[in-house]
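I would like the entire structure built from these sequences, with the hints used as guidance.
As you go down the protein sequences, you meet chains U and B in turn. Heads up: the first sequence is residues 1 to 244, going by this note's numbering. Heads up: the second sequence is residues 1001 to 1191, going by this note's numbering.
Certain hints may be false.
[Unchecked claim] Covered stretches of chain B (in silico footprint by chain U; criterion: 3 or more residues with CB under 8 Å from a CB of chain U, positions within the stretch not fixed): (1) 1053 to 1066; (2) 1166 to 1173.
[What the hints assert, rightly or not] With a straight-line cut-off of 25 Å between C-alpha atoms, the simulated SDA-like cross-links for lysine to any residue are: (3) B:Lys-1135 to B:Glu-1125; (4) U:Lys-56 to B:His-1023; (5) B:Lys-1171 to U:Asn-204; (6) U:Lys-42 to U:Asn-71; (7) B:Lys-1167 to U:Phe-120; (8) B:Lys-1171 to U:Gln-38; (9) U:Lys-27 to U:Thr-39; (10) B:Lys-1167 to U:Glu-180; (11) U:Lys-119 to B:Lys-1171; (12) U:Lys-162 to U:Phe-242; (13) U:Lys-56 to B:Leu-1182; (14) B:Lys-1187 to U:Asn-187; (15) U:Lys-75 to U:Pro-29; (16) B:Lys-1167 to U:Glu-123; (17) U:Lys-42 to U:Tyr-92; (18) U:Lys-239 to U:Ile-163; (19) U:Lys-119 to B:Leu-1182; (20) U:Lys-191 to B:Lys-1162; (21) B:Lys-1187 to U:Phe-210; (22) U:Lys-191 to B:Glu-1124; (23) U:Lys-240 to U:Ala-154; (24) U:Lys-191 to B:Lys-1171; (25) B:Lys-1015 to U:His-59; (26) B:Lys-1135 to U:His-59; (27) B:Lys-1171 to U:Lys-240; (28) B:Lys-1187 to U:Gln-115; (29) U:Lys-191 to B:Glu-1104; (30) U:Lys-191 to U:Phe-210; (31) U:Lys-56 to U:Glu-97; (32) U:Lys-119 to B:Gly-1184; (33) B:Lys-1171 to U:Glu-123; (34) B:Lys-1162 to B:Ala-1114; (35) U:Lys-119 to B:Leu-1139; (36) U:Lys-119 to B:His-1023; (37) U:Lys-191 to B:Ala-1114.
[What the hints assert, rightly or not] Beyond 12 Å from chain U on every Cβ pair, some chain B residues (computed): (38) Leu-1012; (39) His-1023; (40) Thr-1028.
Calculated from the structure, these hints are not laboratory results. Don't be surprised by glycine CBs; every beta carbon is placed ideally from N, CA and C.
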Amino acid sequence: MHIHPNMKMSDLVQSDFELLAVLQRLKIPFGFKDKTIQTVCKEQGIDLHFFLNLVKWFHERDFFPGETLMNHPVKWLVKYLRSTHSCYVDYYIPRIENEIVQMESFDHSAGHNMQLMLKFFREYITEFSSHIQLEEEKIFPYILRLEENLAKEAPDQDFWEKIQGYTIKDFLDEHSDIEEKLVDLRNILLKYLAPPSDNCIFTNVLVEIFRLGNDLNDHTILEENVLIPQVLKLEEEFKKKFPG
Amino acid sequence: MAKVLIAETSYLVRKGLVSLLEHTDGVTELKAAGHPETIMLTLKEYSPDILLLNSAITMPVTNEKLTSILHENARIIYILNTPLPAESPSSQISVFDTKNKLSEKLSFHISQYATQDNDKGETEELTPRERLILKHVALGRTNKEIASELFISTHTVISHRKNITRKLDIKTVSGLTVYAILNGIIKMEDI
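Shown next, in the form of structure tokens:
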């Protein structure tokens, strides 16, 4: 499929429903009628090319538009990543948790295997939440302020002081791998656990874990290959514009 | 485990072979080229195990020279633009071949590289030693603690742990703990 600005938004979704995730995360409301991609983007105040680059990547998977995505204001990407976070925290994770709870009630195995999986998954949730908290409370506000201050005549004093001793590179060190445990969970369920009596739920949990895993993967790619390089560039510009 | 180079001028055939080989077990790396010069360059740098070469491409060197550029165990499979008789050799494929025919021939060649590399006699089963190490890991011991308890070096512990992770496909300590409980290596009360 060739994705172009004059294509109808509804046709785009119909040809690849996985793109719904992108729409949701950009907070594009439904009810497109016959509007084109271009029109919908304009109405929602979303940069057309930013949108096109994202959906093309999600759809084709052929090329990664890292360079192109970097040319947009960083606040867009932050907004996107933030809604991705809330999608994980408010929806994906509780859903998987609930399903494991449900499986537990079906589980009559002597070893209480599902109880074990639930414990494992709850540990994961804790880890995951602190990862996201770090980004939401420290990293993203820093990035937004960096972009804001760069546009000013003179930077805010407190921000200027902060940036002297800080770079986004420090964050990279703290950026832990949140996929590892999820992959383990998937492998244990897939390889080492006999499914409990209700197979439909079991299969569905696996499907959702695979989905979340892929989604997290994309999330990491966007952070490490677009967000971080872009912020490094902004930091450089900032230091050039406001030398010490 | 084979590295494959597709040397084919036709865009359609090239893409078709790429998509077929992408889903074939045993292909570790895949490259495609269409122009004779690019093919030569890629051959030298990439050193594939299997070269799929369209017989209609005029290469700048003779066949003998081409074979000498390839490594000792490498092989050439020719892509023909004409149909092949039913009993054609496996070293030839045709653009008219069915998917099954193509898969059969290509898998045959690729599988030969798999057996050569697989001389380690790999099993997924943990050895008794690995089970013992796993038990200690699952109980939350550090590499150092395990080493001193079992009178081995930390280096050995690390190498066992790598093997355990590879065999089980489980990376994290809590994942390994779950596995250990599921398989009766430790008890839930132990942790």
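Against the structure, the hints:
For the segment 1053 to 1066 of chain B, the proposed coverage by chain U is not satisfied: 0 residues have a C-beta within less than 8 Å of a C-beta in that chain, short of the threshold of three. Under the rule that three or more residues need a Cβ within less than 8 Å of chain U, the assignment of the segment 1166 to 1173 of chain B holds, with 5 such residues. Restraint check for Lys-1135 of chain B and Glu-1125 of chain B: satisfied, since their Cα atoms lie roughly 15 Å apart, inside the 25 Å limit. Taking the CA atoms of Lys-56 of chain U and His-1023 of chain B, the gap is near 23 Å; set against the 25 Å cutoff, the hint holds.
The suggested pairing of Lys-1171 of chain B with Asn-204 of chain U holds, with an alpha-carbon distance near 23 Å, which does not exceed 25 Å. Between Lys-42 of chain U and Asn-71 of chain U, the direct Cα distance comes to roughly 18 Å. Compliance with the 25 Å bound is thereby established for this hinted pair. A hinted pair counts as satisfied when its Cα atoms are at most 25 Å apart, and Lys-1167 of chain B with Phe-120 of chain U qualifies at roughly 20 Å. Between Lys-1171 of chain B and Gln-38 of chain U, the direct Cα distance comes to roughly 45 Å. Violation of the 25 Å bound is thereby established for this hinted pair.
Between Lys-27 of chain U and Thr-39 of chain U the CA atoms are separated by roughly 15 Å; this keeps the pair inside 25 Å, and the hint holds. With a CA separation close to 16 Å, the supplied pair Lys-1167 of chain B and Glu-180 of chain U stays within the 25 Å bound. For the hint linking Lys-119 of chain U to Lys-1171 of chain B, the alpha-carbon distance of about 17 Å falls within 25 Å, and the restraint holds. Under the criterion of a C-alpha separation no larger than 25 Å, the hint pairing Lys-162 of chain U with Phe-242 of chain U is consistent with the structure, at around 13 Å.
Straight-line distance between C-alpha atoms of Lys-56 of chain U and Leu-1182 of chain B comes to about 43 Å, which puts the hinted pair past the 25 Å bound. Restraint check: the Cα-Cα separation between Lys-1187 of chain B and Asn-187 of chain U comes to about 21 Å, which is no more than 25 Å; the hinted pair holds. With a CA separation close to 20 Å, the supplied pair Lys-75 of chain U and Pro-29 of chain U stays within the 25 Å bound. Simply put, Lys-1167 of chain B and Glu-123 of chain U have alpha-carbon atoms about 24 Å apart, close enough for the 25 Å limit, and the pair holds.
This hinted pair does not check out: Lys-42 of chain U and Tyr-92 of chain U have alpha carbons roughly 30 Å apart, beyond 25 Å. Proposed proximity of Lys-239 of chain U and Ile-163 of chain U is supported: the alpha carbons are some 9 Å apart, at most 25 Å. Taking the CA atoms of Lys-119 of chain U and Leu-1182 of chain B, the gap is near 13 Å; set against the 25 Å cutoff, the hint holds. Between Lys-191 of chain U and Lys-1162 of chain B the CA atoms are separated by roughly 19 Å; this keeps the pair inside 25 Å, and the hint holds.
A distance of roughly 29 Å separates the Cα atoms of Lys-1187 of chain B and Phe-210 of chain U; the hinted pair therefore is violated under the 25 Å criterion. Of the pairs offered as hints, the one joining Lys-191 of chain U and Glu-1124 of chain B holds, with about 12 Å between alpha carbons and a cut-off of 25 Å not exceeded. For the hint pairing Lys-240 of chain U with Ala-154 of chain U, the CA-to-CA distance comes to about 13 Å; that is within 25 Å, so the pair holds. Restraint check for Lys-191 of chain U and Lys-1171 of chain B: the C-alpha separation of about 14 Å stays at or below 25 Å, so the hint holds.
Proposed proximity of Lys-1015 of chain B and His-59 of chain U is supported: the alpha carbons are some 18 Å apart, at most 25 Å. Taking the CA atoms of Lys-1135 of chain B and His-59 of chain U, the gap is about 44 Å. The hint is violated against a cut of 25 Å. Our distance criterion of 25 Å between C-alpha atoms is broken by Lys-1171 of chain B and Lys-240 of chain U, whose separation comes to about 43 Å. Among the hinted pairs, Lys-1187 of chain B with Gln-115 of chain U is consistent with the structure: their alpha-carbon atoms are about 14 Å apart, no more than 25 Å.
For the hint linking Lys-191 of chain U to Glu-1104 of chain B, the alpha-carbon distance of about 29 Å lies beyond 25 Å, and the restraint is violated. A C-alpha spacing of about 14 Å is found between Lys-191 of chain U and Phe-210 of chain U, which places the hinted pair at or below 25 Å, so the restraint holds. Proximity of Lys-56 of chain U to Glu-97 of chain U is assessed by CA-CA distance (about 32 Å); at most 25 Å being required, the pair is judged violated. Restraint check: the Cα-Cα separation between Lys-119 of chain U and Gly-1184 of chain B comes to about 17 Å, which is no more than 25 Å; the hinted pair holds.
Between Lys-1171 of chain B and Glu-123 of chain U the alpha-carbon distance is near 15 Å, which keeps this suggested pair within the 25 Å criterion. Annotation: proposed proximity of Lys-1162 of chain B to Ala-1114 of chain B holds, straight-line Cα distance about 22 Å (limit 25 Å). Between Lys-119 of chain U and Leu-1139 of chain B, the direct Cα distance comes to roughly 16 Å. Compliance with the 25 Å bound is thereby established for this hinted pair. Between Lys-119 of chain U and His-1023 of chain B, the direct Cα distance comes to roughly 36 Å. Violation of the 25 Å bound is thereby established for this hinted pair.
In summary, the hint linking Lys-191 of chain U to Ala-1114 of chain B is supported, as the alpha carbons are separated by about 23 Å, within the 25 Å threshold. No Cβ of chain U comes within 12 Å of the Cβ of Leu-1012 of chain B; the nearest lies about 17 Å off, and the non-interface call holds. Interface exclusion of His-1023 of chain B from chain U stands, the closest Cβ pair being 15 Å apart, more than 12 Å. Every Cβ of chain U is farther than 12 Å from the Cβ of Thr-1028 of chain B; the closest lies at roughly 20 Å, confirming the non-interface assignment.
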